[in-house]
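Q: Residue numbers for the sequence shown follow UniProt numbering, beginning at 1 and rising by one.
Source of the hints: derived by calculation from the structure; they are not laboratory data.
Just to be clear, a hint being listed does not mean it is correct.
[To be verified] Below, in silico cross-link-like pairs of lysine to any residue (SDA-like), each with a Cα-Cα straight-line distance of 25 Å or less: (1) Lys-422 / Lys-380; (2) Lys-866 / Pro-836; (3) Lys-221 / Asp-231; (4) Lys-435 / Arg-737; (5) Lys-334 / Asn-416; (6) Lys-691 / Gly-617; (7) Lys-423 / Arg-737; (8) Lys-361 / Lys-303; (9) Lys-221 / Val-207; (10) Lys-422 / Lys-691; (11) Lys-435 / Asn-455; (12) Lys-757 / Ser-652; (13) Lys-303 / Tyr-248; (14) Lys-380 / Lys-303; (15) Lys-486 / Ala-448.
[Claimed, not checked] Derived DEER-like restraints, expressed as beta-carbon distance ranges: (16) Ser-162 / Gly-822: 25 to 35 Å; (17) Asn-717 / Ser-648: 20 to 30 Å; (18) Ser-162 / Glu-339: 20 to 30 Å; (19) Gln-305 / Asp-820: 49 to 59 Å; (20) Lys-334 / Asp-820: 49 to 59 Å; (21) Glu-751 / Asn-416: 44 to 54 Å; (22) Gly-822 / Glu-879: 44 to 54 Å; (23) Ser-726 / Lys-802: 21 to 31 Å; (24) Leu-607 / Glu-670: 47 to 57 Å; (25) Gly-798 / Glu-751: 16 to 26 Å; (26) Asn-620 / Leu-298: 15 to 25 Å.
Quick reminder that beta carbons are idealized off the backbone N, C-alpha and C, glycines included.
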Amino acid sequence: MAEVAVNMVLEKLISFLNEEMQLLRDFHTEVADIKFELEFLSSFLRDADARAATEDSDEGVKTWVKHIREAAYGIEDVIDEYMLYVAKHRDQHGFMAFLKKIAVREIGNKRRRLNINFTEREGSSRGHVDPRAGLHFVESDALVGVESSRDELVGRLNGGESMRTVISLVGMGGLGKTTLAKKIYDDVKDHFDCYAWVTVSQSYDTVERLRSMIRRFHESKKELPPDGINDVMDAEELINKSRDYLQYKRYVVVFDDVWHGEFWRIIQSALPENNNKSRIIITTRCMRVQEFCKQTCLVHVHKLQHLSLEMAQELLCRAAFRFDQQKECPDNLKSLSFEIARKCDGLPLAIVAIGGLLSTKGKDVFEWKRLCEDLSKELKSNPHLAHVQTILSFSYHDLPHYLKSCFLYVGVFPCNHHIRVKKLIRLWIAEGLVKENQEMTLEETAIAYLTGLINRSLVQVEWSDSTGRARSCRAHDLIHDVLLSKLEELNLIQSSEASSNDAARYIWIDKNRACDLSRRNGNFQTHSLIIFKLQQLHEPLFERLSSNFELLRELDFENAPFEYLPEEVGNLWHLRYLSLRDSKIKILPKSIGKLHNLLTLDLKGSLVIEIPDEVRGLCNLQYLRAYSVDYHNDYNFDTDQGVRINGSVIGSLESLEKLYYVDYQSQNGEHFGRELRRLTRLRKLGITNLKSDYGEALCGAIKQMHHLHALRISAVNEDEVLQLESMSPPSSLHRLRLHGRLMKLPGWISELENLVKISLHWSRISDDSLKILGDLPKLLELWLFEGYNGVELHFERGKFQKLKFLELRCLFKLEKLVIDRGSLPCLETLGIGPSPLLQEVPSNIGNLECLKNLAFHDMPEEFAKKMLPSEGPDYWKVEEIPNVCFRFETQGMHCQAFKLADFRLQEYLCQTTSSL
Numbered sequence: 001m002a003e004v005a006v007n008m009v010l011e012k013l014i015s016f017l018n019e020e021m022q023l024l025r026d027f028h029t030e031v032a033d034i035k036f037e038l039e040f041l042s043s044f045l046r047d048a049d050a051r052a053a054t055e056d057s058d059e060g061v062k063t064w065v066k067h068i069r070e071a072a073y074g075i076e077d078v079i080d081e082y083m084l085y086v087a088k089h090r091d092q093h094g095f096m097a098f099l100k101k102i103a104v105r106e107i108g109n110k111r112r113r114l115n116i117n118f119t120e121r122e123g124s125s126r127g128h129v130d131p132r133a134g135l136h137f138v139e140s141d142a143l144v145g146v147e148s149s150r151d152e153l154v155g156r157l158n159g160g161e162s163m164r165t166v167i168s169l170v171g172m173g174g175l176g177k178t179t180l181a182k183k184i185y186d187d188v189k190d191h192f193d194c195y196a197w198v199t200v201s202q203s204y205d206t207v208e209r210l211r212s213m214i215r216r217f218h219e220s221k222k223e224l225p226p227d228g229i230n231d232v233m234d235a236e237e238l239i240n241k242s243r244d245y246l247q248y249k250r251y252v253v254v255f256d257d258v259w260h261g262e263f264w265r266i267i268q269s270a271l272p273e274n275n276n277k278s279r280i281i282i283t284t285r286c287m288r289v290q291e292f293c294k295q296t297c298l299v300h301v302h303k304l305q306h307l308s309l310e311m312a313q314e315l316l317c318r319a320a321f322r323f324d325q326q327k328e329c330p331d332n333l334k335s336l337s338f339e340i341a342r343k344c345d346g347l348p349l350a351i352v353a354i355g356g357l358l359s360t361k362g363k364d365v366f367e368w369k370r371l372c373e374d375l376s377k378e379l380k381s382n383p384h385l386a387h388v389q390t391i392l393s394f395s396y397h398d399l400p401h402y403l404k405s406c407f408l409y410v411g412v413f414p415c416n417h418h419i420r421v422k423k424l425i426r427l428w429i430a431e432g433l434v435k436e437n438q439e440m441t442l443e444e445t446a447i448a449y450l451t452g453l454i455n456r457s458l459v460q461v462e463w464s465d466s467t468g469r470a471r472s473c474r475a476h477d478l479i480h481d482v483l484l485s486k487l488e489e490l491n492l493i494q495s496s497e498a499s500s501n502d503a504a505r506y507i508w509i510d511k512n513r514a515c516d517l518s519r520r521n522g523n524f525q526t527h528s529l530i531i532f533k534l535q536q537l538h539e540p541l542f543e544r545l546s547s548n549f550e551l552l553r554e555l556d557f558e559n560a561p562f563e564y565l566p567e568e569v570g571n572l573w574h575l576r577y578l579s580l581r582d583s584k585i586k587i588l589p590k591s592i593g594k595l596h597n598l599l600t601l602d603l604k605g606s607l608v609i610e611i612p613d614e615v616r617g618l619c620n621l622q623y624l625r626a627y628s629v630d631y632h633n634d635y636n637f638d639t640d641q642g643v644r645i646n647g648s649v650i651g652s653l654e655s656l657e658k659l660y661y662v663d664y665q666s667q668n669g670e671h672f673g674r675e676l677r678r679l680t681r682l683r684k685l686g687i688t689n690l691k692s693d694y695g696e697a698l699c700g701a702i703k704q705m706h707h708l709h710a711l712r713i714s715a716v717n718e719d720e721v722l723q724l725e726s727m728s729p730p731s732s733l734h735r736l737r738l739h740g741r742l743m744k745l746p747g748w749i750s751e752l753e754n755l756v757k758i759s760l761h762w763s764r765i766s767d768d769s770l771k772i773l774g775d776l777p778k779l780l781e782l783w784l785f786e787g788y789n790g791v792e793l794h795f796e797r798g799k800f801q802k803l804k805f806l807e808l809r810c811l812f813k814l815e816k817l818v819i820d821r822g823s824l825p826c827l828e829t830l831g832i833g834p835s836p837l838l839q840e841v842p843s844n845i846g847n848l849e850c851l852k853n854l855a856f857h858d859m860p861e862e863f864a865k866k867m868l869p870s871e872g873p874d875y876w877k878v879e880e881i882p883n884v885c886f887r888f889e890t891q892g893m894h895c896q897a898f899k900l901a902d903f904r905l906q907e908y909l910c911q912t913t914s915s916l
């Protein structure tokens, strides 16, 4: 983390110098010295954190790294304090006093006094043993839940294509990749002419790995390795030797623990393509490795999954009672065994290690309970479990510095908390963790960062939408323990679980923690204040924020229990992120216009219905999300209501990239349209309450939005016609949602070649203009919610070739649904209803080979009875579809859902029929 801190401060210092060039001419020498010292430190800190974390690192290195972090954060605070001073006093004098606070030269002096010589230490491990050594030597009774995977992979290794094929086992550290690879390798190796196992790891020597592979191949045939192979230092020569030896052989080789695709680029040249069913097995934590393999080889990717709770408990008990005569978990320990297994979150490495420790405790309930309650502490301190966190930490240390800081921020959220992706990346941006990139917006760059963490198996996607976008994510529970440990070690976090820390960069508050904060005095260096499930709020908190948290950048009051935001919030000059999402706040204070650095303002679900004119001062605002939501009525036209904002104000927010939703009804339509034209950076726009008369003005504004990716337009009511024929949206448009009457589908939709999702609500189109949607080449998701008024809906052959998600909802006049063979070949999810006139499901619905989920919503009882397994004449149409369910809305907006095979479905249908 020392490298992270120094690089972040160095980037901030350079940006600051560029902005204040005129002012700093008088202090050129002093500033240049600071910049030089930071660059010097950064050049020596590429792996300082990893070095300081190893067992063989001396205390001098650890102490020096600690001082570097503290100095770097101190410099950042000085810069922030000076910028705040200038903003408050409008006086740029006094810079020298701030400059004197920066004592970075002392770090160089401390390094010399501690006599730390990195040149001598590089590459020295002093006999350090890799904790991963021997992981593939696992007894068979320690394997749980891998049987089906093993059988499938063995089949691919023994059969399949004749060409050289890579089997890539991908997953986070500790998930059992090496164990599974060893099992299938042992099962198949004797079916090949020669075989080899090569452990690669992070810091590999390519020449040594080539030598090792060649030696293993010869040993597998009980042959001596080539003469003089240990003296060969040239990779090219070793590649030629390998190719000559393997040219006519069927070989299998395992490359275990591959971290970088560059390894494959070199090693694949030593493995000839001889069309002899040769196989290569790779284990890796990083999805990007397979992308390198795909350039030269056929690749099959197998993503390892976490064990279910039942399998985790079984594995835990096998390890805990392996020396027990009965080898079974006694009844009085079963509940504890499940709780311990749950805390391991399906990770075999941790389960086996903890089970091994429990095997030394016997059947003592007190010992089991103590371990269960203190598991996080035991993982840090118990020498029998130390290797678990060490192995999990390898992925963190392998990250580039800009991803390390982003990854650490994930640990700010509580364990097992599902984090909204949009929220996370906006917080990253506000904290300054995302680098400027001329080719992408900050949000696009942040998404690329998150993708990098996901591909490295460090962040898990909890939910993604039908177009493949990650919408929520989290860190594995044990990875979260690693992150929290790092954050606490670096004095970066204060949470309900951590000790009090005035210097913490990030503060997490839950339950009644705000009471503690409101009574605290002194200045804080806090950047992020995030509230979670707060039960009550003490008024002095706001006074503390403005007086003691002057460097605050992110303020998250989501779901906070207060009804107003005081004027003092305008004193938080550094604030870049403000979320009042789902709070009870009704009015924004006028002082909000003083937050000139604000990038994100999230008001979704709050009670704010009007934005004050003072927001025109938010010249850097990029993201404004403001609308109320009626969560209790899915079928209501007015479910989402935008906020009112003065037209002359909206045009001044020229940095906006996302704006939704704005109430158009309250505006002077022509004037508002002209002001919207100024928002040329918009990527996402949402408009509500649009009248027909203003459609052309809106279309004119959208013509100027050349970067628009997502657009939603909602009419003033469900009978108002949307006049959008003159619109000419950019080809970059990915998502389109229209609420309101359409006489026919606008022709310009057929030109949207990049459209992946379209939703038509209350459009009530009755002609065949919907057919143009079938030719959109990238369309993945289609919603028709009272979007079609015809009697027959026909999906023709060859149409909708990429569509995966289709919802046909509230089509009240629909009597017949026809799906031609060759239509919808990729469809995975289909929802139908309510459509009371639809008599039967299409007979050829079974031709949709990819269909996994079929849901019927509030369909007539007779329609449902036709598909009952026991007596339904239409059951044969849907019996091959994996998941078929019926949903019925009941009184009080509740919904009952039944799978087709659920006996309760027939009971419900009979009860409903008898009550009529």
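Q: For every hint, state whether the structure bears it out.
A: Against the structure, the hints:
no., hint, result
1, Lys-422 / Lys-380, "violated, 32 Å"
2, Lys-866 / Pro-836, "holds, 14 Å"
3, Lys-221 / Asp-231, "holds, 22 Å"
4, Lys-435 / Arg-737, "violated, 32 Å"
5, Lys-334 / Asn-416, "holds, 23 Å"
6, Lys-691 / Gly-617, "violated, 29 Å"
7, Lys-423 / Arg-737, "holds, 22 Å"
8, Lys-361 / Lys-303, "violated, 35 Å"
9, Lys-221 / Val-207, "holds, 22 Å"
10, Lys-422 / Lys-691, "violated, 31 Å"
11, Lys-435 / Asn-455, "holds, 20 Å"
12, Lys-757 / Ser-652, "violated, 31 Å"
13, Lys-303 / Tyr-248, "violated, 32 Å"
14, Lys-380 / Lys-303, "violated, 28 Å"
15, Lys-486 / Ala-448, "holds, 24 Å"
16, Ser-162 / Gly-822: 25 to 35 Å, "holds, 31 Å"
17, Asn-717 / Ser-648: 20 to 30 Å, "holds, 27 Å"
18, Ser-162 / Glu-339: 20 to 30 Å, "violated, 50 Å"
19, Gln-305 / Asp-820: 49 to 59 Å, "violated, 36 Å"
20, Lys-334 / Asp-820: 49 to 59 Å, "holds, 55 Å"
21, Glu-751 / Asn-416: 44 to 54 Å, "holds, 45 Å"
22, Gly-822 / Glu-879: 44 to 54 Å, "violated, 22 Å"
23, Ser-726 / Lys-802: 21 to 31 Å, "holds, 29 Å"
24, Leu-607 / Glu-670: 47 to 57 Å, "violated, 30 Å"
25, Gly-798 / Glu-751: 16 to 26 Å, "holds, 20 Å"
26, Asn-620 / Leu-298: 15 to 25 Å, "violated, 49 Å"
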